[in-house]
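Asker: Work out the full structure: start from the sequences and follow the hints.
2 protein chains.
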Amino acid sequence: MAVAHLTIDLAAVRANWRTLAAQSTAETGAVVKADAYGLGAAQIATTLAKEGARKFFVALAEEGATLRTALGPGPEIFVFSGHMPGDAPIISAADLTPLLNSVDQMLVHVESLPHHGFGIQLDSGMNRLGMEPAEWSALRSLALAQAPAMIMSHLACADEPEHPMNRQQLECFLKMTEGVTAPRSLSATGGILMGSDYHFDITRPGVGLYGGLPFSDALPVVQIDLPIIQVRDLLEGETVGYGNSWRSRRPSRIATVNAGYADGILRAAGGQMHLLVGTIPCPAVGRISMDMIGVDITDLEDTPDSLQILGPTQDVDSLANAAGTIGYEVLTSLGSRYNRRYIGA
Amino acid sequence: MAVAHLTIDLAAVRANWRTLAAQSTAETGAVVKADAYGLGAAQIATTLAKEGARKFFVALAEEGATLRTALGPGPEIFVFSGHMPGDAPIISAADLTPLLNSVDQMLVHVESLPHHGFGIQLDSGMNRLGMEPAEWSALRSLALAQAPAMIMSHLACADEPEHPMNRQQLECFLKMTEGVTAPRSLSATGGILMGSDYHFDITRPGVGLYGGLPFSDALPVVQIDLPIIQVRDLLEGETVGYGNSWRSRRPSRIATVNAGYADGILRAAGGQMHLLVGTIPCPAVGRISMDMIGVDITDLEDTPDSLQILGPTQDVDSLANAAGTIGYEVLTSLGSRYNRRYIGA
Numbered sequence: 054m055a056v057a058h059l060t061i062d063l064a065a066v067r068a069n070w071r072t073l074a075a076q077s078t079a080e081t082g083a084v085v086k087a088d089a090y091g092l093g094a095a096q097i098a099t100t101l102a103k104e105g106a107r108k109f110f111v112a113l114a115e116e117g118a119t120l121r122t123a124l125g126p127g128p129e130i131f132v133f134s135g136h137m138p139g140d141a142p143i144i145s146a147a148d149l150t151p152l153l154n155s156v157d158q159m160l161v162h163v164e165s166l167p168h169h170g171f172g173i174q175l176d177s178g179m180n181r182l183g184m185e186p187a188e189w190s191a192l193r194s195l196a197l198a199q200a201p202a203m204i205m206s207h208l209a210c211a212d213e214p215e216h217p218m219n220r221q222q223l224e225c226f227l228k229m230t231e232g233v234t235a236p237r238s239l240s241a242t243g244g245i246l247m248g249s250d251y252h253f254d255i256t257r258p259g260v261g262l263y264g265g266l267p268f269s270d271a272l273p274v275v276q277i278d279l280p281i282i283q284v285r286d287l288l289e290g291e292t293v294g295y296g297n298s299w300r301s302r303r304p305s306r307i308a309t310v311n312a313g314y315a316d317g318i319l320r321a322a323g324g325q326m327h328l329l330v331g332t333i334p335c336p337a338v339g340r341i342s343m344d345m346i347g348v349d350i351t352d353l354e355d356t357p358d359s360l361q362i363l364g365p366t367q368d369v370d371s372l373a374n375a376a377g378t379i380g381y382e383v384l385t386s387l388g389s390r391y392n393r394r395y396i397g398a
Numbered sequence: 054m055a056v057a058h059l060t061i062d063l064a065a066v067r068a069n070w071r072t073l074a075a076q077s078t079a080e081t082g083a084v085v086k087a088d089a090y091g092l093g094a095a096q097i098a099t100t101l102a103k104e105g106a107r108k109f110f111v112a113l114a115e116e117g118a119t120l121r122t123a124l125g126p127g128p129e130i131f132v133f134s135g136h137m138p139g140d141a142p143i144i145s146a147a148d149l150t151p152l153l154n155s156v157d158q159m160l161v162h163v164e165s166l167p168h169h170g171f172g173i174q175l176d177s178g179m180n181r182l183g184m185e186p187a188e189w190s191a192l193r194s195l196a197l198a199q200a201p202a203m204i205m206s207h208l209a210c211a212d213e214p215e216h217p218m219n220r221q222q223l224e225c226f227l228k229m230t231e232g233v234t235a236p237r238s239l240s241a242t243g244g245i246l247m248g249s250d251y252h253f254d255i256t257r258p259g260v261g262l263y264g265g266l267p268f269s270d271a272l273p274v275v276q277i278d279l280p281i282i283q284v285r286d287l288l289e290g291e292t293v294g295y296g297n298s299w300r301s302r303r304p305s306r307i308a309t310v311n312a313g314y315a316d317g318i319l320r321a322a323g324g325q326m327h328l329l330v331g332t333i334p335c336p337a338v339g340r341i342s343m344d345m346i347g348v349d350i351t352d353l354e355d356t357p358d359s360l361q362i363l364g365p366t367q368d369v370d371s372l373a374n375a376a377g378t379i380g381y382e383v384l385t386s387l388g389s390r391y392n393r394r395y396i397g398a
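First to last, the protein sequences are chains A and B. Quick note on numbering: my numbering labels position 251 of the first sequence as 304, and the sequence is numbered without any gaps. Quick note on numbering: my numbering labels position 18 of the second sequence as 71, and the sequence is numbered without any gaps.
It is possible that part of the hints are untrue.
[Said to hold, decoys possible] List of simulated lysine to any residue pairs, SDA-like, C-alpha gap at most 25 angstroms:
#1 A:228 / B:228
#2 A:103 / A:395
#3 B:228 / A:234
#4 B:228 / A:288
#5 A:228 / A:191
If you're looking for bench data, these hints aren't it; they were derived computationally from the structure. Values in this document were obtained by computation on a predicted structure and should not be read as measured data.
Answerer: Next comes the structure, spelled out in structure tokens:
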């Protein structure tokens, strides 16, 4: 039983959704793309559907089909990548709502599924996905006549509330949707926190549900405990791990825990990361291996059975800091080798 | 059909195994831990078993159990993490050979499975896993009397053939195994390439099978093609993606492809990575999103349907360089969202 344990707290997801919903003047959906940021779209979405969420968002039609199986009929499932050539059978069978992002997609959609609902994705400045103002002007009357389920855009800088890009995108979105009666949506977690100007009719929280910034009041959702395989005592001057990159400066006690970058513990965090016993931090030493990490437990009185790498003391954003990235990537990187346990259902 | 395509060339895996086996004076096994570095342990191991490999290596007993189902009875499956408390039923049912790495594990093993085979893992200086010289001295006679299936150690610096650590570990291993008649194993891919002094009785190639360094003659195994969701034309001075981190210096044509860090395209590669059309590189622009990447295709004459991120022109190590990591992590990070196709079976 050397398998690492990943515990996902559905009660915390539920509480985070409720808190974000309470801050929002709009209907609150839930973004469960990328298998709910790696945490299990089926479990997360069914939990939030019971809590009252009726609109879910995925990246791909294929994700939507899997999610429909889990959710059953009823809740709306929106697809951010829209309607790609070949998607029609999936969109139809799973009753998905593609968020069309170009004239090309609009044509594909109305030709292949003329009576099937859709939403519209506008580009308000991120230049990633969605119709540009000129494209939208040309298509607008035609699209609105078919009563789109949603008209949405996405903010590029919502993690930085003071960034001028936010207001610029808001103004662009307002201008592009002036006079529109279809439901409008602009905000994910960051936008919700920026206040009601950004909320419109539907909000789409994602990372905040899973305990990540910019929702600093989020309850932590993920806990990972790594079993110790072996403990050894080192003399001063001995090296640990690949490339001899760490050398002991004192007689040291080193634990080897059973997880590594194949489990999504990003290799970039090597040498800058801590593991925990309760709230006591123990530094990771040497390079992170594919399946193992060395940890300096010299200062512990007793040797525990496992060390915690994610939990109440070190959240996804703290671990992300050590790896020079963002909490989102820590979440989506968690691999398939963990023993996953859902609590709080 | 916005799903990205991951093609795994089993003929290349087979060829890489044969080339490494031909360079080795020992029996050649295969390391298929972490689901064969993310590429599918069942497919890789059954392919190599047909090619003649009889010894496979995994990290965890649980991985070994899954592999046994794929391989059927016959080939030996060794477990690097050894025999952890609670592992006995799995080890017994799946007929696994734990590589015991401490006196504690030896005790657990002989108490719970007294007549079940095992190997011994020695620490020759990496200080990660395996018995220390003193521990081994105390246990050696007892262990050897039970005819271990293998006595092994692991090199910390085999990616750097000139590193003095290699010879130091070789000498330590020779000393620790002097007079031993059980089969000995010291080398993974890097050790095989360092020559016959390092080969002993069994070699354990891993990353080289999958097309990664230090096996510079490896055939590439993985190809990833990312469908383009949308193309847009930008004026000079427009920004792309999260945080407005990229700004066009000329009128530009930007493609958005449908994969991101949730698919294991490490976020650290943002701004330093290229995608390809044939051999023509197109720079990724802006931050890598969870499900999308922006790519500057201004210099292409025609807009392709997809862009390649891994393949003959950009291998796992080139992509790893862009992300400041190693090819191993690029491989193990590839997520579950790809449409996976095996060729060359």
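Asker: Could you run down the list of hints and mark each one as holding or not?
Answerer: Here is how each hint holds up against the structure:
1. A:228 / B:228: 78 angstroms, violated
2. A:103 / A:395: 16 angstroms, holds
3. B:228 / A:234: Not satisfied, since the Cα-Cα distance of roughly 81 angstroms exceeds 25 angstroms.
4. B:228 / A:288: At roughly 20 angstroms apart (the allowed maximum being 25 angstroms), residue 288 (chain A) and residue 228 (chain B) satisfy the hint.
5. A:228 / A:191: Within the cut-off at roughly 15 angstroms; holds.
In summary, the structure is inconsistent with hints 1 and 3 from the numbered list given earlier, while agreeing with the others.
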